[in-house]
Amino acid sequence: MNLPPPCSDPRLTVAAGEPRTADEVESALDEQLDAVLSTRRTVTRIAAALAPLTRHEQDFVLHWVAVIARTNPEMAFQFAAAAPQALATLDSAAAEAWIIQAMDTYDREGLYLGSQVFKRSTEFAQLAGASTAAVTFEDVVHVLQLFVCGLSGRRMKLDAAAQAYTDTETLFLPPRIALSPDKNTNFLIYKIILTLLWAQSRFGTFNADLQTACDAYTDPQRALELLNYLETLRLEACVARALPGLAREMTQLRGDEQPDPRCLPLRAPTATVHDSISMLAGLYTDFTPPPCSYATTLQPLHAAATRRARLADEKNELQAALGRLLEEKEASGDHVSARPTSRFSLKLAAAPDQEGNAQYELSLDAEPVTPPENIKQLFDSILQDLGEIPDDYLVATGAGGYRKSKPVEQDPADVWKGVYHEEGAFFYNEWDHKRRHYRKNWCVLRELDVHPGSAGFTELTLKKYAPQVAQLKRTFELMRGEDRLLRRQQNGDDIDFDAVIAAYADMKSGMELTDRLLVKRHKSERDLAVMFMVDMSGSTKGWINDAEREALVMLCQALEVLGDRYAIYGFSGLTRKRCEIYRVKRFDEPYADMVKNRIAGIQPQDYTRMGVAIRHLTTLLNQVEARTKLLITLSDGKPDDYSDNYRGEYGIEDTRRALIEAHRSGIKPFCITIDHEAREYLPHMYGPVNWTLVDDVARLPLKVADIYRRLTT
Amino acid sequence: MRSKISQLQTKALNTEARIIEKEPYYESVGDEIALFESAYQCLIPVLLKGPTGCGKTRFMEYMAWRLKRPLITVSCHDDLTASDLVGRYLITNNETVWVDGPLARAVRVGAICYLDEVVEARKDTTVVIHPLADDRRILSMEKRGELLQAPREFLLAMSYNPGYQSVLKELKQSTRQRFIAIDFNYPDSALEKKIVMAEAGIDAGNADKLIKLAHMTRNLKDNGLDEGASTRLLVHAAKLIKRGIAPRTACHGAIAEALSDDPEMLRAVDELTSSLF
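Protein chains in written order, with my numbering: chain A, 825 to 1537; chain B, -19 to 257.
These are computed hints drawn from the structure, not numbers from a lab. Backbone N, C-alpha and C define an ideal beta-carbon position, used for all residues, glycine too. Certain hints may be false.
What the hints assert, rightly or not - Derived pair list, reagent style DSSO-like, types lysine-lysine, alpha-carbon separation capped at 27 Å:
no. : chain 1 : residue 1 : chain 2 : residue 2
1   : A       : Lys1258   : A       : Lys1401
2   : B       : Lys189    : A       : Lys1200
3   : B       : Lys174    : B       : Lys222
4   : A       : Lys981    : B       : Lys192
5   : B       : Lys29     : A       : Lys1153
6   : A       : Lys1200   : B       : Lys222
7   : A       : Lys1200   : B       : Lys201
8   : B       : Lys192    : A       : Lys1171
9   : A       : Lys981    : B       : Lys123
10  : A       : Lys1344   : B       : Lys123
11  : B       : Lys152    : B       : Lys123
12  : B       : Lys103    : A       : Lys1344
13  : B       : Lys152    : B       : Lys192
14  : B       : Lys173    : B       : Lys222
15  : B       : Lys174    : A       : Lys1200
16  : B       : Lys152    : A       : Lys1200
17  : B       : Lys222    : A       : Lys981
18  : B       : Lys189    : B       : Lys222
19  : A       : Lys1200   : B       : Lys29
20  : B       : Lys152    : A       : Lys1344
21  : B       : Lys103    : B       : Lys174
22  : B       : Lys173    : A       : Lys1171
Claimed, not checked - Per label pair, the in silico range of CB-to-CB distance:
no. : chain 1 : residue 1 : chain 2 : residue 2 : range
23  : B       : Ile225    : A       : His1508   : 45 to 53 Å
24  : B       : Ala184    : A       : Gln909    : 55 to 63 Å
25  : A       : Gln1314   : B       : Asn165    : 55 to 63 Å
26  : A       : Ile1484   : B       : Leu23     : 57 to 65 Å
27  : B       : Ile225    : A       : Gln1076   : 17 to 25 Å
Start from the sequences and build out the full structure, keeping to the hints where you can.
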């Protein structure tokens, strides 16, 4: 069992070794869970259940209670209640996976479903086992995502869920598999489950109304399980035809046991889900499906709902796309005709190829046309659902009549905040260093415009620093990249004849020869995009704010001379639900009066939730094409927010994480700060050299451009 | 100094004109042969578009053989300058000597000059290409003060991959609008299978699986891969399989590792391979 990370609560670290008594546990729990306890709801019973555990296990539980309580005390209570039973079956790594799954569910789907995960620890234990060879969803999700992307058919998303099933757009896989003592086999089971779920959608399992079919039986649940077994048999045969290598591995895993002879017709290439349904009637009374190590489940209701929504969307989309195709054809003068009715027709080839790809030919007014890529994808997706394209799908509508409504990822806890239905809100994960996991969709961020300030601010500033501005311009003009011919080079495009003649003279007089005889054309291209992230927290009020604004004016002067692409955004926020990014200058905006006035209008706002701001600006910066991308933060102190204990370690760790993410995506972060205590935390966040301290606020306007120059040459 | 200069000499001389004597193996996918021949008769230069390894260079060799002209291929790189194409002065025996570049040589002998991956070359090369690619058909040799008029037999052809280059390396309109463009893509499954079998001599079963694997990796384009496996990679893998290498090993070396360095992507391609073989 791994040691849990050291805990800051001193009461949890005294007298190591000896198990705590029930009273001690109770008082520790009381403290953490105070918010959800009452005279009728106490932790006495839970404490009694925890008392017989080892000291180590107790520490583990109390540590996680403390961590979870900071997110939600009720979840912590549920965890404490479920912990004794769970720890009996799960080792610490598995228990951690279990906790993380519950917290992820809580973050995304709320308290009820989150606490359900805690209550169902036995179910989790069955899959997860207690093995070091366990493979978790997070270990494999990237590889499996690419794997399923390589398979043919509709694009599928992956997610973790307690049971393996698909709603025909997302494949849900178990969070952890430890069925085999061998890690590779566990991975293989993941791969097989994934492929079978993909096959459910690819080979038409949901093209019949499964729920109705099962409801006809006295025990619909049993019917569904049986149907699932039959479908698995049919799909295994489909997979064997498309992916023979995987089929061989499936056989090895399952053993060579032959299924009931009555089921064998399902292995024929022509078998469909309807054959499985009709076979169900004959087997329902006396047949029990054998257990299987890679069991998947069918969730017909989920699948039907997703499928209905998708079909409606795709019908509209296809009609609009055909409309555009028609317009293009008519614009090019190929078909001048005013008939508005259906002119497209589709001819399907008799049988799909063995991967299940249907062959078809689209024609317009009886002449074949090659459909563009987007229409092809729609055809494939619809054919996968229906097996044909109904005629009413082929009626072209005018473009623009339909806009695909994108599902917005929503956090149910935001209903009361007013951002729930609002457009333009972004959701970002946040790093919880105690949980060592992300909190999903934790921060709600909106982009706002800075209210423009007084028009004269820029001119005043430029007048105030007139001599320095002139100096600045000269310095930056020198930096501008120009085509230069470099002489006397070791490598180059052409011979430097002057150097050769000199070398000849040297050689004749017996001197040593130089090898610098070539000319090289050198173009120093500044392919650079820089994002300035300006701290607009309340603590910048007063002269810090003035210095920041002046610094931006000077900086813009320099950057305009240099021609680098740049953007300026301010950030502030109050709690995770109200993170705000203020647009001062976008990348594609010229440095005009509007931008100048916005710089003047930068005002101190609330707090400094830095992580989410960095994540958002990273996203924006990554949309820009440049060889070097810089994210420069102007800051006056530590990350800080009103709630969630963002102040202190949590905030620093989240910011650090966000910067690591930015770095990984190819962005170079840098921080300019005026906080004298920066040495204590900035090296940890930005790395030892990626920050600088301007100790005199008044000198900030003069220094920032200079720092930028050093940074980019 | 001598070594420097002799290096320069070899650099200028080693792109030798090739007369192709044996018919190269080429499967026509559409009307590209007729289009190319007509362009050649009409003295219009040709631009071949398409992803890497789909047969552009092989097509050029085939056409050179068909038209019975020498083929001079220049692989463009980001250090390729105008003087690399046109020619330069070198020093031999205390004298400066002019040496023609590959483009000038092609113009003089009436060959087909094929600039492979032309967007990789430096911008100043377009200055040389432009007068040669319109109806003037002139190569200006600035350093010698000489103008070369291209003979009827000369043809300029370039290749260009619209897929992977950055926006900065887009072909300029003024350049691309001088050419007749032929679009190349991976052949359809049946034809690709025929090509793989003909080039590597493997059996139909393995060829089928290779084609499937290629389609899987092409599905991954823009989802972590810049390009899917090209026909050329399939031929490589097929040749290894033909030599008795286990198919999974062959595909790992010839396809997975050739496509990506990312460990997760490599694993995913290997998993796809092992699902098939």
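Evaluation of the provided hints:
Proximity of A/Lys1258 to A/Lys1401 is assessed by CA-CA distance (about 21 Å); at most 27 Å being required, the pair is judged to hold. Between the alpha carbons of B/Lys189 and A/Lys1200 the distance comes to roughly 24 Å, so the proposed pair stays at or under 27 Å and holds. Restraint check for B/Lys174 and B/Lys222: the C-alpha separation of about 15 Å stays at or below 27 Å, so the hint holds. Restraint check: the Cα-Cα separation between A/Lys981 and B/Lys192 comes to about 22 Å, which is no more than 27 Å; the hinted pair holds.
At most 27 Å may separate the alpha-carbon atoms for a hinted pair to count; B/Lys29 and A/Lys1153 meet this at roughly 24 Å. Using a Cα cut-off of 27 Å, the hinted pair A/Lys1200 and B/Lys222 is violated, with the two alpha carbons roughly 36 Å apart. Simply put, A/Lys1200 and B/Lys201 have alpha-carbon atoms about 16 Å apart, close enough for the 27 Å limit, and the pair holds. Using a Cα cut-off of 27 Å, the hinted pair B/Lys192 and A/Lys1171 holds, with the two alpha carbons roughly 25 Å apart.
In summary, the hint linking A/Lys981 to B/Lys123 is not supported, as the alpha carbons are separated by about 60 Å, beyond the 27 Å threshold. With a CA separation close to 17 Å, the supplied pair A/Lys1344 and B/Lys123 stays within the 27 Å bound. With a C-alpha separation of about 26 Å, the suggested pairing of B/Lys152 with B/Lys123 holds against the 27 Å cut-off. Restraint check: the Cα-Cα separation between B/Lys103 and A/Lys1344 comes to about 15 Å, which is no more than 27 Å; the hinted pair holds.
This hinted pair does not check out: B/Lys152 and B/Lys192 have alpha carbons roughly 36 Å apart, beyond 27 Å. For the proposed pair B/Lys173 and B/Lys222, the alpha carbon gap of about 15 Å is at most 27 Å, so the pair holds. Between B/Lys174 and A/Lys1200, the direct Cα distance comes to roughly 25 Å. Compliance with the 27 Å bound is thereby established for this hinted pair. Using a Cα cut-off of 27 Å, the hinted pair B/Lys152 and A/Lys1200 is violated, with the two alpha carbons roughly 30 Å apart.
For the hint pairing B/Lys222 with A/Lys981, the CA-to-CA distance comes to about 37 Å; that exceeds 27 Å, so the pair is violated. Our distance criterion of 27 Å between C-alpha atoms is met by B/Lys189 and B/Lys222, whose separation comes to about 14 Å. A threshold of 27 Å between alpha carbons decides the hint, and for A/Lys1200 with B/Lys29 the separation of about 22 Å falls inside it, so the pair holds. Taking the CA atoms of B/Lys152 and A/Lys1344, the gap is near 25 Å; set against the 27 Å cutoff, the hint holds.
Of the pairs offered as hints, the one joining B/Lys103 and B/Lys174 is violated, with about 40 Å between alpha carbons and a cut-off of 27 Å exceeded. Between B/Lys173 and A/Lys1171 the alpha-carbon distance is near 26 Å, which keeps this suggested pair within the 27 Å criterion. B/Ile225 and A/His1508 have their C-beta atoms about 49 Å apart, which keeps the hinted 45 to 53 Å range intact. Here the CB-CB span from B/Ala184 to A/Gln909 is close to 58 Å, well matched to the stated 55 to 63 Å.
For A/Gln1314 paired with B/Asn165, a C-beta distance near 43 Å fails the hint of 55 to 63 Å. Separation of A/Ile1484 from B/Leu23 is about 58 Å and conforms to the stated range, judged on CB atoms against 57 to 65 Å. The beta-carbon spacing between B/Ile225 and A/Gln1076, approximately 23 Å, falls within the hinted interval of 17 to 25 Å.
Hints 6, 9, 13, 16, 17, 21, 25, counting from the list given before, are not met by this structure.
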